[in-house]
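Engineer: The residues making up each chain are set out below.
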Amino acid sequence: MVINILMVFFALYFVASFAALGFGLFFLLRKTFPDQDPFVIANNYLFYWIIGDLLMRFFLQKLPVMSVKPLLTLPIKRSTVVNYVLGKSAVSFFNFLPLFAIIPFSIILIGEGYETSMILTWMFTMIVVVLIINFVNFIIEAFSANSELSFLPIVAVVGVLFALNYFEIFSLTTLIGSGFLAIANSPILILIPIVVLIVCYTINFKILRNKLFLDSSLKSKVTEVNASDLSWTERFGDIAPFMKLDLKLIWRNKRTKSMAMLLLVGVLYGLFFYPQPQFLKMEFMYAFIGIFSTGFFLINFGQFIPAWDSGYYKLLMSQNIKYEQYLRSKFILMVMSVVLLFVLGIPYVYFGYKILIAHFAAAIYNIGVNTHVILYGGSFNRKKIDLDKKAAFNYQGTGAVQWIIGIPLMIIPMALFGVTNWLVGFEAASALLILLGVGGIVFHKKLMKGITKKYLNSKYKMIDAFSQDN
Amino acid sequence: MIYTKDLTKAYNGTTVLNIEELTIPKGQSFGLVGNNGAGKTTYFSLLLDLIKPTTGNITSNNVVVDESEDWKPFTSSFIDESFLIGYLTPEEYFYFIGELRGQNKADVDTLTSKFEDFFNGEIIGKKKYLRDLSKGNQKKAGIVAALIGHPEVIILDEPFANLDPTTQIRLKQIIKDLAEKQGVTVLVSSHDLTHVTDVCERIVVLEKGNVIKDLETNPATLKELEAHFGSSAVVSQEEE
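Heads up: the protein sequence lines correspond to chains C and F, in order.
Counting from 1, one number per residue, gives the positions in the first sequence under UniProt numbering.
Counting from 1, one number per residue, gives the positions in the second sequence under UniProt numbering.
These are computed hints drawn from the structure, not numbers from a lab.
One thing to keep in mind: the hints can contain errors.
Each computed DSS-like pair below joins lysine-lysine, with the alpha-carbon atoms no more than 30 Å apart [said to hold, decoys possible]:
1) C:K257 x F:K52
2) F:K135 x C:K383
3) F:K176 x F:K213
4) C:K461 x C:K449
5) F:K105 x F:K126
6) F:K127 x C:K254
7) F:K213 x C:K69
8) F:K126 x C:K383
Turn these sequences into a full structure, and let the hints guide you.
Structural biologist: This is how it looks when you write it as structure tokens:
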């Protein structure tokens, strides 16, 4: 429910922004470039829109092939099914979204005295191009779907196009811009994009027709096992089995794997802020960035404990395990990530030694306080997670808990740091965070006992919730 | 060994299981039969403390299962796929269960090597994740995992479903051996009357949550069960 509301909210937000762009673009361009024709400039920027759109679709839009599985056994022609799938993709949200910008922009252009037939041709061309992007994306996806790092080809293609243009080796902006203008001026040329569209559709049709068998693309892929030596976990004693399980969990499932990649984002997070002098002046921001960047994995992984194990929760609950060991394994994993992220973030000292101190304080706070807070919050998780689903924009498992837990996790340390920094000073503020963190570490055993109890109390509710399909 | 007293389970006021008293002695191979919704899986889930009883309780080896966790070391089970960890290979899964039950790798290897026939070369050394195995092979792995660590009580829900005929016959032998030679209490549920009568010394028929038959298996049992389920089919036809 929450997720649906969230998605609708996002959708409305995008519709609103696109519409605002459509209505405002003309005047914006006229104001920024008073001596040039806004229509021409808009066309020159179309190149960026095309590659941006392509990139976004690659990560977010998928051909709805799985939904036709039941159709295959019915007396429907294979080509009809393929046409249905492709047709369905043409009416996706991704194709309607640009219309919210294109149509208002066109109306305003006509209102401003541009020739109606020219603008209508242009508008129509844009719609054709949107559909071309739609189908080109599926062709790229079809070719890159089988490789492990499936996003590399698209990133490479987009990168090369962008570089060619940026370094003015080959100006795609002007090429595409003048292409659109040419079509707008002589409508007969619209046949070119239409032919391209037909070609793209035919290629898709052929690819899909060959793939639409239960044994090829519709069958879920079988992956080779990648076993690595995890014997180093043995030093953690009785929690070693769980640590091994957790590491395999992270490494062998799509969603958790992409989450692990977020470690990199955690490391680089400070780079969004520190190079900018206005942020560098705000010392209270250091704690926020510190908490966030050293706790990046902690937050992303921790918020879905124990839902990561929801697929086999019944097994864990009926097996001969100690709950406390199970939780401690997750705890150790999070602590290790914090330490790692802190160490990797040491180079931020370049921007000032205070940053290092604040990050250190934040790391200690993360280890001592936030780990426990997030484990405690986990006991309220009642949403199952399918590990095999992709990670980007996947809100499965997200509930109110994930929003509420953010308050003690981020806001409280920020507020504490900010207020102390303002009233007393930077050193005192850092010391406060460290003190709280050390406190948490000292009382670790006690805290874990309480948390374990909380989990045991919600055992039946969790088992029940995890065996429901959302 | 397993003593059930005044056990009921109700969801929103609808009673799905109601067992006044049921005693399963140690070393018995016990079969539970009934149509869909008769309460078989509910009973097993209660035995494993996966759901909370509405009234009454089950005592296993003098441990009240919903009050203490001390039944866990001597109980093992395979209820459904949610007892498998999809991203592990069968070997890793066996070792993991082994570690939880205090068995080292060598112990686990010794045990699983006894089941080479049963696995039919499709489980060990295939470098495949459990989630990529067929339903039948997943079940084989799950059943064998339930035998790791010398459990005294083994609970298997629908173990024969999805298995091929050869494997079904091998599984019957395994279950018989467990009860007869090793004194393990084996609880099995099934829709297949022939399989249960072949394997179990005692068969309990559940219907809408109630125990309506409690039979010692003898050569006439299969006929009796067939007659029972056949007649209820006739009755329900007449009702329509």
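Engineer: Does each hint hold? Answer for all of them.
Structural biologist: Cross-check of the supplied hints:
{"no.": "1", "hint": "C:K257 x F:K52", "in the structure": "violated, 35 Å"}
{"no.": "2", "hint": "F:K135 x C:K383", "in the structure": "holds, 25 Å"}
{"no.": "3", "hint": "F:K176 x F:K213", "in the structure": "holds, 22 Å"}
{"no.": "4", "hint": "C:K461 x C:K449", "in the structure": "holds, 20 Å"}
{"no.": "5", "hint": "F:K105 x F:K126", "in the structure": "holds, 18 Å"}
{"no.": "6", "hint": "F:K127 x C:K254", "in the structure": "holds, 19 Å"}
{"no.": "7", "hint": "F:K213 x C:K69", "in the structure": "violated, 43 Å"}
{"no.": "8", "hint": "F:K126 x C:K383", "in the structure": "violated, 33 Å"}
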